[in-house]
Amino acid sequence: MSLFNKFFRSDKEADTSRSFNIPGGIRPAEYKSMSLRSRIMPTPVPECLILPLKQHQGDSALPLVTVGQKVLKYEKIAVARGDLGVPVHAPTSGEIIAVELSPVATTNANQDFNQICIHLAPDGKDKAKIIIANSDYNSLSQAKLIEIITDAGICGMGGAGFPTARKINPSNELGIDLLIINAMECEPFITADEALVRERAAAVVIGAEILLAATSASRCVIAIEDNKTDAVEQLRTALKNSSVELKILPAKYPAGGEKQLIQAITGKEVPTGMYPADIGILLQNVGTAYAVYRAIVLGEPCISRITTLTGSTLQTPKNFETLLGVPASFLFELCGIDEKARVKTIVGGSMMGVETLSNDIPITKTTNCVIAGSAQEFPTPAPEHSCIRCGFCANVCPAKLLPQQLLTYSISQDQEQLEEHGIFDCIECGACAYICPSNIPLVQYYRSSKSLLKGYQTDQEQSAHWQERFQFHQYRGKKAADDAMDKKPKANKTKERIEQETVTAFDDSARESARQEIAAAVARVQARKPRIIASSNNVDQDKPEGNSND
Amino acid sequence: MTSLASSSPMQTSSQSVSDIMKLVLLALMPGVLVATWFFGLGILINIILSCSIAIILESGMLRLRNRNIRHHLSDNSALVTAVLFGIAIPPGSPWWLVATGIFFAIVIAKHLYGGLGQNPFNPAMCGYAMLLLAFPLEMTGWHIPNEIIDSSIRLDSLGIPEIDKTQLVFSPFSLSGLQQSLLLAFPFFASNSQEFVDGLAMATPLIEFKMAAHSALLKTRDSGLFWLSRQAETGWELINIGYFLGGLFLLYKRIISWHIPFSILLTICIISSLFYAPGSVAVYGTPYLHLFGSATMLAAFFIATDPVSAATSKQGKIIYGVLIGCAIYSIRVWGSYLDSIAFAVLFGNFFAPVLDHYFRPRIYGHAKKLPQSNSEA
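Same order as they appear, the protein sequences are chains A and B.
In terms of UniProt numbering, the first sequence opens at residue 1 and continues consecutively.
In terms of UniProt numbering, the second sequence opens at residue 1 and continues consecutively.
To be clear, the hints were calculated from the coordinates, so they are not data collected in a lab.
One or more of the hints may lead you astray.
Unchecked claim - Mimicking DSBU-like on lysine-lysine, the simulated pairs with C-alpha atoms at most 35 angstroms apart in a straight line are:
no.	chain 1	residue 1	chain 2	residue 2
1	A	Lys247	B	Lys22
2	B	Lys314	A	Lys400
3	A	Lys125	A	Lys144
Unchecked claim - Over 12 angstroms on every C-beta distance to chain B, these chain A residues come out as not near it, computed from the model:
no.	residue
4	Cys48
5	Gln57
6	Leu62
7	Tyr74
8	Lys76
9	Ser102
10	Asn169
11	Leu174
12	Arg219
13	Gln315
14	Glu321
15	Cys335
16	Pro379
17	Phe470
18	Ala481
C-beta atoms are modelled at their ideal positions from N, C-alpha and C, and glycine is treated no differently.
Build the full structure now, drawing on both the sequences and the hints.
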């Protein structure tokens, strides 16, 4: 592909020729054009906004408000907690009507379906707290920029939701050399970033420049796929007098993945188990750059985002500039939904998104897309066949894994081979499951193997711990026996020594913790084998009856 | 309604296992048709017979294993095994020979190991190899029906039938040809011994070459025969070209990758060039004969590329192909068995797991050397 670009497209898109090839990848049907027909639409305010305390990766925020309290727009209603905390702000003025569990959808499949959310009933006046705009952002110091970004509650808007301030202020001393603004958006259905760049390229570029200043990186690259022609044109115009570079990369899924994008731009790979920052690279989503622009230049905390509402059950799929907390069902109504035709609601794209069973889930900081899909787009998957090891999956894997081997080891739960074949290097992009002619849900197998392995690893640590305990116990017993055999006259003394040792090894707190651990272990075993416990109980109960009959 | 949320990815491609198998069957057609043109309807009878028996056995095994018969039959894998087996065995084989071989292939080599995807050895070749060991006589002659069999056969000094080009006219497609083929397949239909005539028993060119120390194929070309004249010698060449074209079609459709077929063909080409001694009466044969004689192309593109029993990584596939190529040549030239394909592929199958273990692509973000743990234990 790069060779092709070199010879045939060098005059038109010179930027592509310098990119590196990434292995694997697929070209699924895009379904993007339907939501790009209209411009980004502002959203009316619904009757209730649902604001989860945890819209990011990290500890959930602590609410600052009580039920019945009136809040102003931009007011902080929950404060960041912990190292990876992110605050929450009121998107409009109104009254807090509840703080309770409600259904949410997060792109992280491991999180709970129900989370604590602040329910805000807007009063319609949209009374705002005073905010400070910094139109002269160049004059601000790096520390000040990071402080504003921290306070604005910005986290990765591409879906990962990692706290932005924390990311641009990494703890390592190497510093950041290259800042990449990710506008690739390679996943089907999602067009939020493309619409944003198409209509607000200038603001995106300012956001990128602010991030460049905040990270003190030496260069900044905006990466975009070559099939987003309108957006590319807008970026070219906006970047004319900017130090930020533009990189146009061939469209393929998952070229927008963090590791893949770094490989495509620099040719480097992020070493396994490390972060991009460890090789001096920082990635930010283009939506995050726009949120940073709003936070610094307009002084506005993160209270809205651009979200794609799409799927063929909607009459007019489009991108909304929506307040956070707006229920997806409200936006569906605005698009005109054919509820009968809807078979699935997916938050995120069709490759890595999660299905949600409730339409009332709110738009959060990480919700880039909600799909109300019909059976035509998401037919019931054909039943699974056996793996014939055709190797199509290995051809499309961007991490160069052997998914067919990983499947075998996942089924046999061969933990050693799973690790050796790089199960933890799987980015769960789903390219393998997409291409699989046997319709095997490979990613599901890998997810379960990963969680199994993580459990296994902790089990292993525990078993080492208990082995140590056991060995000590044996040693003590043996020593006591030896002493009793050899030094009968000095038995009392030996006993004393042993007691002393025991006391030093198990002081009171250690004993208490050991007791707790034993209780926890027993609880775990019981949870794992309820059937066995139940049956043994039955036996115990039966026995006395039998005896009485006799 | 559905109560469980499905897992990502929600989007899938449209190609299924049964589509892949259908494309493989389609790609086999040119070679099969050319073979039928030269060797008569016996080949088609073989294929039909083996396919029917294979489907019956597959259904029975699926039932015994409590699997959904319709769903698992729809993967068409049994048909591919049966067609490959039907092509490999000599035309005019009796029904019981076909049935024994396909039983071994489907029941023992495939289902007893856990069904599709679990078999360590290529089922069709297992069936073939078993027959070759158990019924060497039946497996080494190619019976070709012809009308004027009585007058046309002359035996050369080694006792191999030689074809009298002036008199013998093959017409395998005539009614009597079909009748003869059917009689060979179902000998119990013969009403009397007079009716049950043995067809012209032919050796494959490599077998003949081995015994007569010169190539029938080259001899035919020397004698200036037109390529399309229906003589068995030219047949092998065209049959191989047919399978070669089918293989290219599979490559174009990305059903198979180039690694296995090209490493096999290149290995055969190099070894046979190295050992070939023109002018001498050495029995090694020309590279041309090795590539286009016997079933080389069928083996390279269709049999060795069976993904279940082959190596899976790119480097592994290349080495797997080299091993099979070496084995094909060695067994042909130095081995005591007449046909080499089945044994060579099975030989390669033995190495597939170890190749999978040692030749893996470097994972993203990992150092060049693979972490070799103590997993050999």
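Taking the hints in turn, this is what the structure says about them:
1. Lys247/A with Lys22/B: 43 angstroms, violated
2. Lys314/B with Lys400/A: 11 angstroms, holds
3. Lys125/A with Lys144/A: Given that 35 angstroms is the threshold and the Cα spacing comes to 32 angstroms, the pair holds.
4. Cys48: 24 angstroms, holds
5. Gln57: Holds: least Cβ distance 18 angstroms, greater than 12 angstroms.
6. Leu62: With a cut-off of 12 angstroms, Leu62/A remains clear of chain B, as the shortest Cβ separation is near 30 angstroms.
7. Tyr74: The claim stands: Tyr74/A keeps its Cβ more than 12 angstroms from every Cβ of chain B (closest is about 35 angstroms).
8. Lys76: Non-interface label stands for Lys76/A: nearest chain B Cβ at 33 angstroms, farther than 12 angstroms.
9. Ser102: 17 angstroms, holds
10. Asn169: At roughly 24 angstroms from the nearest Cβ of chain B, Asn169/A sits farther out than 12 angstroms, so the non-interface label holds.
11. Leu174: Fine: 17 angstroms to the nearest Cβ keeps Leu174/A off the interface.
12. Arg219: Given that every Cβ of chain B is farther than 12 angstroms from that of Arg219/A, nearest at about 23 angstroms, it holds.
13. Gln315: 22 angstroms, holds
14. Glu321: 26 angstroms, holds
15. Cys335: 20 angstroms, holds
16. Pro379: 9 angstroms, violated
17. Phe470: Holds: least Cβ distance 24 angstroms, greater than 12 angstroms.
18. Ala481: Holds, because the least Cβ-Cβ distance between Ala481/A and chain B comes to about 35 angstroms, which exceeds 12 angstroms.
In this structure, the hints that do not hold are numbers 1 and 16, in rising order.
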